[in-house]
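Peer 1: Given next are the chains, with one letter for each unit.
There are 4 protein chains.
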Amino acid sequence: MIIHMSKLATPEDQNRVLSRITGAGFKYEVIKGATGINVIGILGDLSQISETYFEDLEGVDKVVRISKAYKLVSREYSSADKVIDLGDDVLVGGPGELAFMAGPCSLESEDQVMKIAAYVSLMGIKIMRGGAYKPRTSPYSFQGHGVEGLKLLATVREKFGLKIITEATGLHYHVNQDGVREKRNVLENVIEYADIIQIGARNMKSYGFLQELGILTKMSKQPILLKRGDSSKLKDFLLAAEYIVANGNPNVILCLRGIRTFEDEKFQRYTPDIGAITVLKRESNLPVIFDPSHSVGYRVNVPGVALAAVAAGADGLLIETHNDPANALCDGEQSVTESQLADIKSKADAIRHLLV
Amino acid sequence: MIIHMSKLATPEDQNRVLSRITGAGFKYEVIKGATGINVIGILGDLSQISETYFEDLEGVDKVVRISKAYKLVSREYSSADKVIDLGDDVLVGGPGELAFMAGPCSLESEDQVMKIAAYVSLMGIKIMRGGAYKPRTSPYSFQGHGVEGLKLLATVREKFGLKIITEATGLHYHVNQDGVREKRNVLENVIEYADIIQIGARNMKSYGFLQELGILTKMSKQPILLKRGDSSKLKDFLLAAEYIVANGNPNVILCLRGIRTFEDEKFQRYTPDIGAITVLKRESNLPVIFDPSHSVGYRVNVPGVALAAVAAGADGLLIETHNDPANALCDGEQSVTESQLADIKSKADAIRHLLV
Amino acid sequence: MIIHMSKLATPEDQNRVLSRITGAGFKYEVIKGATGINVIGILGDLSQISETYFEDLEGVDKVVRISKAYKLVSREYSSADKVIDLGDDVLVGGPGELAFMAGPCSLESEDQVMKIAAYVSLMGIKIMRGGAYKPRTSPYSFQGHGVEGLKLLATVREKFGLKIITEATGLHYHVNQDGVREKRNVLENVIEYADIIQIGARNMKSYGFLQELGILTKMSKQPILLKRGDSSKLKDFLLAAEYIVANGNPNVILCLRGIRTFEDEKFQRYTPDIGAITVLKRESNLPVIFDPSHSVGYRVNVPGVALAAVAAGADGLLIETHNDPANALCDGEQSVTESQLADIKSKADAIRHLLV
Amino acid sequence: MIIHMSKLATPEDQNRVLSRITGAGFKYEVIKGATGINVIGILGDLSQISETYFEDLEGVDKVVRISKAYKLVSREYSSADKVIDLGDDVLVGGPGELAFMAGPCSLESEDQVMKIAAYVSLMGIKIMRGGAYKPRTSPYSFQGHGVEGLKLLATVREKFGLKIITEATGLHYHVNQDGVREKRNVLENVIEYADIIQIGARNMKSYGFLQELGILTKMSKQPILLKRGDSSKLKDFLLAAEYIVANGNPNVILCLRGIRTFEDEKFQRYTPDIGAITVLKRESNLPVIFDPSHSVGYRVNVPGVALAAVAAGADGLLIETHNDPANALCDGEQSVTESQLADIKSKADAIRHLLV
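Sequence order for the protein chains is G, Y, C and B. Reminder that position 105 of the first sequence reads as 105 in the numbering used here, one-by-one numbering, no gaps. In the numbering used here, each residue carries its 1-based index in the second sequence increased by 356. In the numbering used here, each residue carries its 1-based index in the third sequence increased by 712. In the numbering used here, each residue carries its 1-based index in the fourth sequence increased by 1068.
Errors might be hidden in some of the hints.
[What the hints assert, rightly or not] Derived DSS-like pairs: lysine-lysine, alpha-carbon spacing no greater than 27 Å straight-line:
1) Lys347(G) / Lys115(G)
2) Lys82(G) / Lys978(C)
3) Lys947(C) / Lys622(Y)
4) Lys1289(B) / Lys233(G)
5) Lys1219(B) / Lys701(Y)
6) Lys1289(B) / Lys62(G)
7) Lys62(G) / Lys233(G)
8) Lys266(G) / Lys719(C)
9) Lys895(C) / Lys418(Y)
10) Lys1413(B) / Lys719(C)
11) Lys1286(B) / Lys947(C)
12) Lys622(Y) / Lys266(G)
13) Lys895(C) / Lys1301(B)
14) Lys68(G) / Lys1130(B)
15) Lys933(C) / Lys1286(B)
16) Lys574(Y) / Lys183(G)
17) Lys895(C) / Lys233(G)
18) Lys418(Y) / Lys933(C)
19) Lys1303(B) / Lys895(C)
20) Lys1251(B) / Lys62(G)
21) Lys739(C) / Lys589(Y)
22) Lys591(Y) / Lys945(C)
23) Lys794(C) / Lys978(C)
24) Lys701(Y) / Lys233(G)
25) Lys233(G) / Lys591(Y)
26) Lys7(G) / Lys515(Y)
27) Lys827(C) / Lys591(Y)
None of these hints come from the bench; they were simulated from the model.
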């Protein structure tokens, strides 16, 4: 870490910085600048110290970190690709097959779930998604079937051998449409039923929740798919993953899903952050999954963006599909049909083979 | 609500829309367009129905809401300004005095807190802020003193007669620097100690948390200050407030704090959303407070932006101040000094008197 | 076009709208809403009327366009892909080969240009880029060699049979490093030398320049590559193309190059707008080229993003390459080496064959 | 300027940097870091060298400028506020009265212009705005009356003694609605008629145009009001002003007008960049004017934002007003009425007196 003192810094300002450095157990060297500006280099492993610890001091102009703010999730810390093993030869990450995760936005009925599971499974997709708890912008929108939905997913796992990914929306107690509260909180329920626990974009900065999640899955090391917040910087995204890993669970999958920009929602709901794939693959050793459905918001744009993600180096895709999108309870507009999904899968696999 | 069907919509598409409307208990009228495009008007109170309920259907091009998505927090629902009474003649909102809330970013020591409380109180400021739980981007940054901090605030209240605002960061259990977990969750602790419960920008979209907050304060109706997420649209901000109100607690204060844009962080950490004050005051009857400290991130910019907020019609200011900013444990760079605070207060009061 | 009147509109407001409609030569139908809100449908070809013509009137709440604001460049106007023929079997657009355009950011010396032209040509690339006029953020940065650079490009064309694309930065007179003004303006010079005239992102909204460009190339119909402004909406990008076409030159190539977002420049200079490829290919019949170099700003990210663009359906790539990037006068950091370029070309061609 | 070499930089990389420094006529000192990373300080006046001159070199991690990229427009270069004298005691900038500039978006008819001039003048406003050339997003929108409009402005000046500000949209030749091209280019015409030449946001990055503008007004030193591009960083805005000043005309007025963000256009067309006022006043000695009309886009938001700008320290306001906004040919929705303008003026003056 290198501290640039300001032109106007007094000797007292500098002493304050130096004593904070030694107080934290580090050594330093002061580099006297010809222009009267001093630069202070701090020596040692600073990965657990935040820039702001020095930046907030009077007389400090700028703090430049040489080592990264995130450590445990960084490529420097561990250069080999992390491969997450879900059992039964289902892997996420690494040089092998792409990981496909597909299913409906929300679990609606047994009939719907079984139909989708059947065609998803037949295509050779190994992981099914489906929302039992839905984070909705309006308190008046459908919030998901809760535990009943999770039980449907358990049936799917048993019947089709699919692995299950579903979202844990928080530490609160779900209230169903009749006003009845569930007995356990949402995270506890999802931990019981899911093979992969999904954390949504809206909770990426709920740091207390991430910490609790790390602690509660410390023993089981259940895989966690963490979605990027729609306006979070990549550094903050990696730090959110670091929260989970630093609290005990190293099995984190990064998932990109589009960012908020000035783009017109009529054309694209969010801007697909395809370039971030190349950045994350270089900065971190964690698997990177791409969600084209939420990125674009319209079915017709999904295939092109899905293939682009694979060409850019993504380890897999998380796609919404529906057997009857026109009648979907939620996000029907962005769900692909069975035949579109099959087409995406075959082309994506072909691009993958061409590149690896 | 007006539904525009697409040019390519089939009669089946239209029937599907019509049956969803009648199924939800509403009436409609179909307006046949000369260009072959039909427009469907839905009649009745649709405030509790989301646009997506129709937008997701096949053949629907666009849904235009005439009444708002948010209802209970809207100016249309209740045109009079909501005034929140904290007791002892301390009011937030309405045509009276500006509400000032000032204090340190984080509670550091009894000495610091008492010094700041003393000068804040002497200036005639009635509400003190201070963070016992700090949401930090890095898991390695200082996370606050927890319950010990809350107890300090209780002492301040007793000694100086100040009202207390402090943040509840979630439903998790705080872990102190020795690794010990608190016995109750963060929200439970803050509910016990605070006069105003602050919900931070990072949790504005943690809808389960907002719902739980509404339910847990349904009886007490403890005032809640809700901060806008740094990239949330104003409609989503108002819907987040609606979550709390719809779950039982109408005493919500809206707080703006800067939005994320392409601006260079060197000049401004966030872009102060001053224009949003005029929009919120028109759309909603809730009090609107402005936080200049987090908006700009640098002490030198705070006074100008604080006064701008008052000139634009804000009902009060939430400002970080520190007796010794150079040595602050957190956000020292953006905390104003005692004399700056006094200057802001007198000028802000003068502008307020000029305008009301 | 459908005009939604506001709840508070008076009969006078409505009459004003109706007479503006008839004054412009159109017919209308008024749809009386049950809630007292009227909707007015305008009949006829409104492609040459802007929404604001009605939106600005008192009492108008919202104007929804059914037909598009852009007409001549729209897929609806002409559904077949436009193919631009540069002569000698070099095509841009259509179902054939990808169009590669590669070369240095700026033309530095004869030696540099010849070396690059040699390897570009050997790879089978048919179009060479190179900047003789450079739009620079700082008045003190190197602004290009002007006409001397254009002459170098002419030599390249003669020697290697490459087609030439180079930027026209405006209608001003270039001043060289000795303070001498050129005799003709920049556009006139570029028109003389280029096979494709490039219009940069910074000038996408210089509407007077676009109009002049259309007029000056009306007879020659020289192809024009128009880059998207870094914060322009897709609708505005298509309207900028419409400016050129409506003024007489239909041979426009659309080029995406990254948009400005909140992303950290350390990781990506701009955010690659890959999703926009799928939108533009659907909305317009013009060829769509992608520039990965300016999108990402760092050489290491270029290959992944280039291949992503091809997978998403781009008709070609515009790439910066340099024989010695470490010593480039401009943008060396984002220029790929010869071997990287060869690798991108072979993989991009393979993906193209797989998809078309 | 301080150059941080990367961890992986070779001795050759470093030598390349050193020889580029000495080649440019500067001295350096190399600071050897304990971690093996070297930092190179460059000594001397580097205001005319761009960071990219070194950043583009291989092995360079980051270049930190201590002195600014802009020089002539910086507060460091000249600490006193620049006051621009329009004659007849009309000043822009400095500690005196606010500078108000008001008038219609576009010049429509003699009757309209005279009515507005009359009430503007009567309020004590000294500068009238009005567009003869209009930069429009669509080629089919009304583009202004050209020279005819300029002549109307000249009449206003003569009759009411008002100073005139009007926009020069480029170096092209205006084509009127009958298809006739004007004899001189737009800039030449505006130079003849205007007291202040306005450069619009869309041309802020048309660097060739800015250069030409500086050269053509080098002798006259006619004041130029430069608007910030809707997505340009403040550094780039100041560099655009530097372009004009470095080419010979020091009389530049900076004008803020809202930036493009993710905000919903329904509430605000652009986000008013009020915070930027405090930054510009500190960084530069040029006058800073605020345009609330284009920032917000809706009349009802204009007064609050206008007063906020004054409270934040703006030197004046540029406001659109119309005698009959409901029938305005352009931007009627954002034009304030006569009585609103009078109210803004009296309150803004009162806030100014309170603060200066």
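Peer 1: Please go over all the hints and tell whether each is borne out by the structure.
Peer 2: Hints, verified against the model:
no. : hint                   : in the structure
1   : Lys347(G) / Lys115(G)  : holds, 23 Å
2   : Lys82(G) / Lys978(C)   : holds, 24 Å
3   : Lys947(C) / Lys622(Y)  : violated, 32 Å
4   : Lys1289(B) / Lys233(G) : violated, 44 Å
5   : Lys1219(B) / Lys701(Y) : violated, 49 Å
6   : Lys1289(B) / Lys62(G)  : violated, 39 Å
7   : Lys62(G) / Lys233(G)   : holds, 19 Å
8   : Lys266(G) / Lys719(C)  : holds, 25 Å
9   : Lys895(C) / Lys418(Y)  : violated, 54 Å
10  : Lys1413(B) / Lys719(C) : violated, 31 Å
11  : Lys1286(B) / Lys947(C) : violated, 38 Å
12  : Lys622(Y) / Lys266(G)  : violated, 33 Å
13  : Lys895(C) / Lys1301(B) : violated, 34 Å
14  : Lys68(G) / Lys1130(B)  : holds, 15 Å
15  : Lys933(C) / Lys1286(B) : violated, 37 Å
16  : Lys574(Y) / Lys183(G)  : holds, 20 Å
17  : Lys895(C) / Lys233(G)  : violated, 48 Å
18  : Lys418(Y) / Lys933(C)  : violated, 39 Å
19  : Lys1303(B) / Lys895(C) : violated, 32 Å
20  : Lys1251(B) / Lys62(G)  : violated, 54 Å
21  : Lys739(C) / Lys589(Y)  : violated, 38 Å
22  : Lys591(Y) / Lys945(C)  : holds, 21 Å
23  : Lys794(C) / Lys978(C)  : violated, 38 Å
24  : Lys701(Y) / Lys233(G)  : violated, 35 Å
25  : Lys233(G) / Lys591(Y)  : holds, 23 Å
26  : Lys7(G) / Lys515(Y)    : violated, 42 Å
27  : Lys827(C) / Lys591(Y)  : violated, 56 Å
The earlier numbered hints that this structure contradicts are 3, 4, 5, 6, 9, 10, 11, 12, 13, 15, 17, 18, 19, 20, 21, 23, 24, 26 and 27.
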